[in-house]
Structure formats: C-alpha cells, structure tokens
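Novice: Each chain, letter by letter, is given below.
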Amino acid sequence: MSQHFVPLPDLPPPGNSVGPVAWLRSNLFSGWLNTSLTVVAIYILATTLPPLINWLFISADWVGEGKEACDSGGACWVFVANRWDIFIYGFYPKDQTWRVDLIFAALFVLTAPLFFKQLPGKLYLGGFILFIYPLIAFLLMRGGVFGLEPVETAKWGGFTLTLLLAGVGCIAALPLGVLLALGRQATNMPVVKGMCVLFIEFWRGVPLITVLFMSSVMLPLFLPEGVNFDKLLRALIGITLFQSAYMAEVVRGGLQAIPKGQYEAADALGLGYWRKYGLIVLPQALKIVIPGIVNTFIALFKDTTLVIIVGLLELLGMVKASLGDPAWPDVSREGYVFAAFMFWIFCFAMSRYSQWLERKLHTGHKR
Amino acid sequence: MTAEAQLATSKSEDKMIRLVGVNKWYDKFHVLKDINLEVAKGERIVVCGPSGSGKSTMIRCINRLEEHQKGQIIVDGIELTSDLRNIETIRKEVGMVFQHFNLFPHLTVLENCVLAPMWVRKTPRKEAEATAMSYLEKVKIPDQAKKYPGQLSGGQQQRVAIARSLCMNPRIMLFDEPTSALDPEMIKEVLDTMISLAESGMTMMCVTHEMGFAKTVADRVIFMDRGQIVESNAPHEFFNNPQNERTQLFLSQILNH
Ligand SMILES: Nc1ncnc2c1ncn2[C@@H]1O[C@H](COP(=O)(O)OP(=O)(O)OP(=O)(O)O)[C@@H](O)[C@H]1O
Ligand SMILES: [Mg+2]
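Here the protein sequences come in this chain order: B and W.
All the letters of the first sequence, read from the start, carry residue numbers 1 to 367 under our numbering.
All the letters of the second sequence, read from the start, carry residue numbers 1001 to 1257 under our numbering.
Chain B on its own, in the form it takes in the complex (with noise of 0.2 Å):
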C-alpha cells in the first residue's frame, strides 16, 4: 500500500522578516549597542557630511579665468582647470600634448578587446601590447624620429609621467618576479637560489626612497666620467628591481599553494621544465595571487610619488609645485584633494579589475 504524495503550497515569508524595516532592525538596531554605535554613527556623518559637501561641490567655483573668479568661499576648482595641462602632461610642450593623448587612446583601443572572451588572436593582441606597444609608446613620447620635435625626458612629467612610472615599474617587474621567484624555488641549482634570495633579500631590505636616492646621487659616483644616465631611466631602474622582489615573493606564495602531484603529473607527461612551469604551474599560481599582484601594483602606483626626490614631478609633484605660485595664494587643499582623488579613481578601478579577473578566471570545483 502506498501514500499518495501532495506537496505543501508555498506560503510568502512572515511579514516581520522582510523589507527595508526588517533589514534596518536586524542590521542597525538589534541590540543596544548596535543602536548606540549606528547612533553616534550617524551623528558623525550629519555633522560632517553637509559642510564638506557643500564646499566641495554646492559653494564651489568652477569656472573663471583667475583667483578672482573663486569668491564664494567653497573649493576654487577654477585653480585645477587653469593648471590642467600641467598637472597632466607637466611640462610637455602644449603643441606636442596631442602626442601623449594618443599614446592613451591607443592603450585603450589596443586593450579593450581583451576584455572579451571570444576573439582569436588574443595572444598575439596580448604580446603586441606587451612588447611592441611600449617601444613605439616610448619613440612617440620622446620624439626625434618621424619627423616628430625631439622632447627630452626631464620635460615629461605630472600625470603621463606617474602613469609611466607605475607602468613600466609594474610590467617589467612582473616577468623579472616570475624569473627570480622560479629561481628560489630551484633547490637543484644551489647558485641561482641563492643568487635570487640575496636579490630578493636585499632589495626587499631598502625603502623605495633610499633605492630612488641611491640612483641618482650614488650611481654617478661609480659610473666613468662622461657617462651620462638619463635620469628617468635610472629611477624607472630602481623601481623595476625594487619592485619585482616585492613580486618575486607573490609569486612564490603562489608556487607553494599547487600540489605536488601537479608538478608529477606534468613531469610523467615528458613536458620538461618550462613548459611544466609555463602551461601547468604558473597559470594556476599566478590566478591565485592574483589579489597579492593587484596590491603591490597598487602600492607601486602610489609610491611613485616619491621620485619627488630626484627632482621627478609626477602628478603630486606638479601640485605642490604649483602651489607656490604667487597668482594662486591658499589653494593647497584643492590641490591635494584633486592629488588624491587621480589616485584614488586610478587605485580603485585597478582593484575592481582584479576582482573581475579573479572571477572571469575561476574555473571552480576545485578538489
């Protein structure tokens, strides 16, 4: 004899447990403390809130010509538009600018297909910005060639040079991490690990602000007379070596988190070594470390402020330098709050990205 199965209707949840009021209970007010903290919390944010915004944004000025223009009292944006072109391309001639402009549009033509899953060629898209894209990136900036004005590099600077620092810092030091983190790791060759963790040690030992001094004032002591570095190219030195031994030992928290029968299955399959690192090892150690690379290149674009030092004026640079100007008395805090605000947008888009790769690349169920 068998029961005769019939479902349960499904009934809507209790009334009590949805809905923004129930959220609000169960998230800001389910207990005193938790309704003192969002209390106090919100008096924070009403006593703060409406002056900043208000100068920031409703009292401000935006357009004018001159100080003059900023007379009521909010932040005086009018100084920012009047120093645009300096706080972005620094003092890169006015009439070559279009120069810069372009090197950007194609950085984002070139890699806006990448972010689509179908398309063939993705690869040779790929190595093309990698290799061919930042020589001709480079000829382009510093000119001499196809006719274009020659423009030499102590007059690049502002954004374009913060955006080049960081770049470069973060594109050559990727591969030379790899390398030396893969050189750690060769327990059969005891003068190449050792060779890689004296480089890591050392360079992980220095702050970036002594690196970038030692560049330009002890170099030159060592180098023969006559021999003269480009400045720029000795900064954007010390930050690639800086840089990729902070990447170097990402990496090798990557290479740990594989399992060892990944390495037996590549090495019974006769794939050799590089190939066992290049198809099978590194792709799922570098997915891994994936939030690990995000965060030094993030770290790496703020410190390229630093070359401040040497006499490099990246964006922060041309601020401060430009908050002297006699014709433009009492702006430093719209100054900086535009500073930080490029770095922020720039930060948070970058870690936004990593968030979207990490998905894009998960290939799940792992066991």
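Hint data in this document are derived by calculation from the structure and do not stem from the laboratory.
These numbers come from a predicted model, not from an experiment.
Accuracy of the hints is not assured; some may be wrong.
Below 20 Å or equal to it, Euclidean Cα-Cα: the simulated EDC-like pairs (lysine to aspartate or glutamate) are [to be verified]:
(1) B:K260 <-> W:E1137
(2) B:K260 <-> W:E1067
(3) W:K1092 <-> B:E264
(4) B:K155 <-> B:E264
(5) B:K276 <-> W:E1088
Pairwise CB distance ranges, derived in the manner of DEER restraints [claimed, not checked]:
(6) B:C347 <-> W:L1084: 15 to 25 Å
(7) B:P113 <-> W:R1171: 40 to 50 Å
(8) W:K1215 <-> B:P113: 52 to 62 Å
(9) W:R1085 <-> B:A257: 49 to 59 Å
(10) B:P224 <-> W:W1025: 39 to 49 Å
(11) B:G19 <-> W:H1209: 57 to 67 Å
(12) B:L102 <-> W:K1146: 38 to 48 Å
Even glycine gets a Cβ: it sits at the ideal position worked out from N, Cα and C.
We have chain B; now place chain W with the ligands onto it with these hints.
Specialist: For chain W with the ligands alone, coordinates are given in the frame of chain B:
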C-alpha cells in the same frame, strides 16, 4: 614452468622494463633493497604489499619521479641516468595514472588530453583533438570533453586521467593505486577501463589492492614487503599456493576481511 624459468628463457630484447639490483634510500632510510624485475612486452604486472613497503617508490623510479641511487633501470632499451634527454624520451613512452588523478584543474577535459601531445609530440591541434576524443570515447565520457575536471565525479576524473595518458600513445602504463581514492560504485567503472586496456595488449604495471582485478588481468603478481620483492608468481599460484609465510599472512589479512 615457473615465472623465473620463463624469465630466464626469454631474451632480454623483448623486455620493456628491467630493474637490476635497484637500491634507493630516503636519507638513511633504505626504501628499495636490491630490486630485480623484468617486464616483458604486453605483460601485465600487479604489485601488492603492505603500506610503506615501497610499491609507489618502485614504480615511480621507472619514470624518474624518484631517483634510484644504485643499480640499473632500463626502460624500452634506454637506461635511466641523470641525462635529461633520456628521462624525457622515457617519459614520453611511459604513461602514469595517480591515486589522486592529478588532472590540471585550469584546463578542460579535452585540453588536459591534448596538452602533452601538442607540446611534447608536436601533434597538430586538430589531430590531437581527434585522438583525444577517440580515447575519451573508449573511457566512455566523450560528452564531458568541454567540462572542467572539478565538475566531474572521482571515477570520471580517473578515467579522464587514463585517457590523458593514453593520448601520448605510451608503450607502458603505470598505475599507482588508481582506485583507492574512489567510492565503491566508481571503482568498477575505472577497473573496467583498465581491463579493456589490458585486453588491447598494453604493457602494464599496477599497484593495487583489488585482488579481483589481479586474478582476472594479471600475468604476474608481485608481493613487496619492507623494500624487497618477497614473491613473484602467476596469479593462480600466487593466491592458491603462496610460497612465503609473509605472503600467506598478507593474503589471509586482505582476503578475510
Ligand atoms: N619523500 C619521502 N621522504 C622520505 N621518506 C619517504 C618519502 N616517500 C616515501 N617515504 C617512505 O618510504 C616508504 C615507502 O613508501 P611508498 O610510498 O613507496 O610505500 P607504498 O608501498 O606505496 O605504501 P602505500 O600502500 O601506503 O602507498 C614509506 O615508509 C615512506 O614513509
Ligand atoms: Mg603508495
């Protein structure tokens, strides 16, 4: 004719694997003691023995996942030395299936299968994919080709691992406890795959405790204990008339539980 007599009469040329006086130590620990073993072409060997007796270590020496310190290992006529070219040649000819599958989780089933043929044997992608699909059909999972390993059951993963090894067209297959990480209902599907592989004439060496498999498939069963080969005999003799008391004890333990 006993197994030893058979060995003595056959010529050494048709031996796929020869281990001559192989010894291995982990630091001071003597794992393999004077291993002598010859495996003929098409022969199917089952290795059994208590845990820690050196079974895995022995078969892993055959494709150099472990290095032996004394004696000779000759695979398909090539001696394993520290010469990297020899090691790579031998690894191309020897497939291996692991207890924990060791599929590459970032690649689909099909990509797992075509990777080594494409990169090591330089097979064109089209051809490698066709071969891979035919092996996936043999192990009865062609419809899972586009999935990632993490989306498959243990038994399916192990069959993919077998297909992946076969795609390299190996002359020898090594198995290290291929079914001991599987639930009982999945063991059969993997063993069936291995049986059909054995029927195709592949030279196989298999560490397993599946005595049913040993009885139906093996030409010879080898019993190891404490780094030594204690007994080596045809399955009928091995199970019904074990010579060594250590073998008798082992068999009574695993057959009566
Ligand atoms: N990398 C290693 N370093 C040191 N000792 C090891 C190492 N690998 C294995 N051993 C030891 O060598 C002995 C043989 O190990 P092996 O894995 O070959 O045994 P096994 O017969 O396969 O056992 P099981 O049935 O448990 O898999 C064991 O005592 C083990 O502890
Ligand atoms: Mg084992």
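Novice: Can you give the numbers of the hints that this structure goes against, from lowest to highest?
Specialist: 1, 4, 6, 9 and 10
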